[in-house]
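Undergrad: Build the full structure now, drawing on both the sequences and the hints.
Here is how the chains run, residue by residue.
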Amino acid sequence: MRYLPNSDSDRAAMLKATGRSSVDEFFDRIPEELRFEGPLNLPGPLSEPEILEYFRETSQRSAREYVSLLGAGAYTHYVPVAVNALLSRSEFFTAYTPYQAEIAQGTLQAMFEFQTLMTQLTGMEVGNASLYDGSTATTEAVLMALRVTRRNRVLVARTVHPEYCQVLRTFIRHQGTEIQEIPYEDSGQLDLARLESALDAGTAAVVVQSPNFFGTLERTAQIAEAAHRSGALLIVTIAEPLSLAVVKPPAEADIVCGEAQSFGVRVAFGGPYVGFLTAKEKFLRQMPGRLVGQTVDKEGRRGFVLTLATREQHIRREKATSNICTNQSLCALAVTIYLSLLGKNGLKRLAELNLAKAHYAARQLESIPGVITPFRAPHFNEFVVRPPCDADELLADLQKEKIIGGLSLERFYPELRNHLLVCVTETVSREAIDRMVDAYRRAAGSRRETENGGENAELVEAAMRRHREE
Amino acid sequence: MYPQEFLYTKEHEWIRVDEGIGTIGITDFAQKELGDIVYVEVAKPGERVAANESLGTVESVKAVSEIFSPVSGEVTAVNAKLQNNPEMLNTDPHGEAWLIQVRLSDRGEIEKLMTAEEYEAYIQKEKST
Chain A
19 MRYLPNSDSD
29 RAAMLKATGR
39 SSVDEFFDRI
49 PEELRFEGPL
59 NLPGPLSEPE
69 ILEYFRETSQ
79 RSAREYVSLL
89 GAGAYTHYVP
99 VAVNALLSRS
109 EFFTAYTPYQ
119 AEIAQGTLQA
129 MFEFQTLMTQ
139 LTGMEVGNAS
149 LYDGSTATTE
159 AVLMALRVTR
169 RNRVLVARTV
179 HPEYCQVLRT
189 FIRHQGTEIQ
199 EIPYEDSGQL
209 DLARLESALD
219 AGTAAVVVQS
229 PNFFGTLERT
239 AQIAEAAHRS
249 GALLIVTIAE
259 PLSLAVVKPP
269 AEADIVCGEA
279 QSFGVRVAFG
289 GPYVGFLTAK
299 EKFLRQMPGR
309 LVGQTVDKEG
319 RRGFVLTLAT
329 REQHIRREKA
339 TSNICTNQSL
349 CALAVTIYLS
359 LLGKNGLKRL
369 AELNLAKAHY
379 AARQLESIPG
389 VITPFRAPHF
399 NEFVVRPPCD
409 ADELLADLQK
419 EKIIGGLSLE
429 RFYPELRNHL
439 LVCVTETVSR
449 EAIDRMVDAY
459 RRAAGSRRET
469 ENGGENAELV
479 EAAMRRHREE
Chain B
8 MYPQEFLYTK
18 EHEWIRVDEG
28 IGTIGITDFA
38 QKELGDIVYV
48 EVAKPGERVA
58 ANESLGTVES
68 VKAVSEIFSP
78 VSGEVTAVNA
88 KLQNNPEMLN
98 TDPHGEAWLI
108 QVRLSDRGEI
118 EKLMTAEEYE
128 AYIQKEKST
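First to last, the sequence lines map onto chains A and B.
Those letters in the first sequence? Residues 19 to 488, by the working numbering.
Those letters in the second sequence? Residues 8 to 136, by the working numbering.
Honestly, the hints are just simulated from the structure, not real lab data.
Incorrect hints may appear among the rest.
[Stated by the list, open to error] Each pair of labels, with its calculated beta carbon distance range:
#1 Glu94(B) - Pro290(A): 39 to 45 Å
#2 Glu94(B) - Ala100(A): 41 to 47 Å
#3 Thr98(B) - Ser205(A): 56 to 62 Å
#4 Lys34(A) - Lys119(B): 52 to 58 Å
#5 Ser61(B) - Glu120(A): 30 to 36 Å
#6 Met32(A) - Gly42(B): 44 to 50 Å
[What the hints assert, rightly or not] Computed list of lysine-lysine pairs in BS3-like fashion (alpha-carbon distance at most 27 Å, straight line):
#7 Lys39(B) - Lys337(A)
#8 Lys337(A) - Lys51(B)
#9 Lys51(B) - Lys39(B)
#10 Lys69(B) - Lys316(A)
#11 Lys17(B) - Lys134(B)
#12 Lys298(A) - Lys88(B)
#13 Lys298(A) - Lys51(B)
#14 Lys51(B) - Lys300(A)
#15 Lys69(B) - Lys300(A)
#16 Lys134(B) - Lys337(A)
#17 Lys134(B) - Lys39(B)
#18 Lys69(B) - Lys337(A)
#19 Lys69(B) - Lys298(A)
Keep in mind that this is a model prediction, so the values were computed, not measured.
Every residue, glycine too, gets a C-beta built ideally from N, C-alpha and C.
TA: As structure tokens, then:
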């Protein structure tokens, strides 16, 4: 198949059919001031060897030798080579939904295993065969809760990934559903008292993320209790599911969803990602997207089929469970291969490694006068830090050391000016952590020399106070 | 085949009215068209339903279909047996497998429904088209 949209003669035929003599005339209904003048700022066509050379050169310029301390919903983990080797097999190489069970047993079985693996991790009873990404999985979970409870109000923790919240708001802005944000307390966790007072008989769901956007764990059992007292569902969304290998699964929740990119899908220019959605079995018929079930054929042999497809849009049209969900079969397959390769013990050891490295980094940073890690709640591989100097200057300094030092939180949380979100996975060496800590130490040192007390002393005092409290 | 004491809708529901309470189900014709029924979901007691609007869904191996209420009113009871035995709808749609009971708010509504004879003539026509 050739990917050429149309030829000169195709265009001439189309113009003739529309009664226009040129493309410019065809577009003359668009007001002149809105039309782009002049040539597009694009390079000319290249030959195949030139294109290959261009990409080789470009890839060399990319920041491969940099150590990344960026997390915030996109996690840098090592991907075993077997993942890509298996993924590239032609039998698997389509992301499309395998509606024809008779020709797609391998793909269907892989999806069934994906569902099983995700439910084992989340402590839920049923899982679907993936969604588009963490943000849409969270949104679908909310829509599901609205259907289940037939209520119309949703409480969302301020500690949920801000981009997940944006997607959620975009989806439901025109259907009259009310969203109320619940603030966080000093510990970096959802404010339970504020949650209690916001819950009412019209609340369909409470949405929390754990570990949350600041990396800290939410008290999901207590939140579930409060939500259930009001007849609301608890939705727990998880951006870093590796945490589930060492953290107790939020089995008290009603829906556990999120992002599974951590499991074998590399971070790359904004995608692809892979969402998951798991729930209690009693909500099975309100689950969006594809589900793969295990059955037997007429000769009694085990087989796999798409199930509950009667609720999907190709059959139910506008009355479908969801008209906006999609799946990520190929990425879900990568997740399945990755989790199978690591196994239960391997995944636990990897999670422990992440935990140990992130905690080592946090402890080292805290020991520097003027450096503050404001949130005291337990964290997994991510935490918030306030450097002793201008955060942007520090990030620039770290970049010279070939370290991408973290995410500036002010962009999403104006109240957290000069705070960085730092993620330390197994891909960050001890040596790199120490170099990062040195940069903070240098910043603290030069600050002591150039400033005379004031805010600095106050910061040190605050840090000391926190240490005493611990 | 189609009980005389029932009234019928074009959407293939039946209703039997007793002292202001209507018992509602789907017809034998409907269950045959749907095929093996695997799940039933209807409005809860205390909820209000409106004539010609959905009061729930019936899911078969082929499709999920809306059930339209023949009358308006408040739900007084639902058939709990159907939760675990939805296949009853295939074996006894006019008896054991009733779906829901509604306290009628407008008795006039039942006058627009079909009698058994009218319904049988109606489905004969449906079958031939």
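Undergrad: A separate judgement is required for each hint: does it hold in the structure or not?
TA: Do the hints match the structure? See the list:
1. Glu94(B) - Pro290(A): 39 to 45 Å: Cβ of Glu94(B) to Cβ of Pro290(A): about 42 Å, so the range 39 to 45 Å holds.
2. Glu94(B) - Ala100(A): 41 to 47 Å: At 46 Å between Cβs, range holds.
3. Thr98(B) - Ser205(A): 56 to 62 Å: holds (58 Å)
4. Lys34(A) - Lys119(B): 52 to 58 Å: The hinted range 52 to 58 Å holds for Lys34(A) and Lys119(B), with Cβ atoms some 56 Å apart.
5. Ser61(B) - Glu120(A): 30 to 36 Å: holds (35 Å)
6. Met32(A) - Gly42(B): 44 to 50 Å: Once the Cβ atoms are compared, 46 Å apart, the range 44 to 50 Å for Gly42(B) and Met32(A) holds.
7. Lys39(B) - Lys337(A): holds (22 Å)
8. Lys337(A) - Lys51(B): holds (20 Å)
9. Lys51(B) - Lys39(B): holds (26 Å)
10. Lys69(B) - Lys316(A): holds (18 Å)
11. Lys17(B) - Lys134(B): Holds - the C-alpha atoms of Lys134(B) and Lys17(B) are around 13 Å apart, at most 27 Å.
12. Lys298(A) - Lys88(B): Measuring from Cα to Cα gives roughly 22 Å; hence the hint holds.
13. Lys298(A) - Lys51(B): holds (21 Å)
14. Lys51(B) - Lys300(A): Distance of about 16 Å is within 27 Å: holds.
15. Lys69(B) - Lys300(A): Given pair Lys69(B), Lys300(A) holds - Cα atoms ~21 Å apart, limit 27 Å.
16. Lys134(B) - Lys337(A): holds (26 Å)
17. Lys134(B) - Lys39(B): holds (12 Å)
18. Lys69(B) - Lys337(A): holds (15 Å)
19. Lys69(B) - Lys298(A): holds (25 Å)
In this structure, none of the earlier numbered hints is contradicted; all agree with it.
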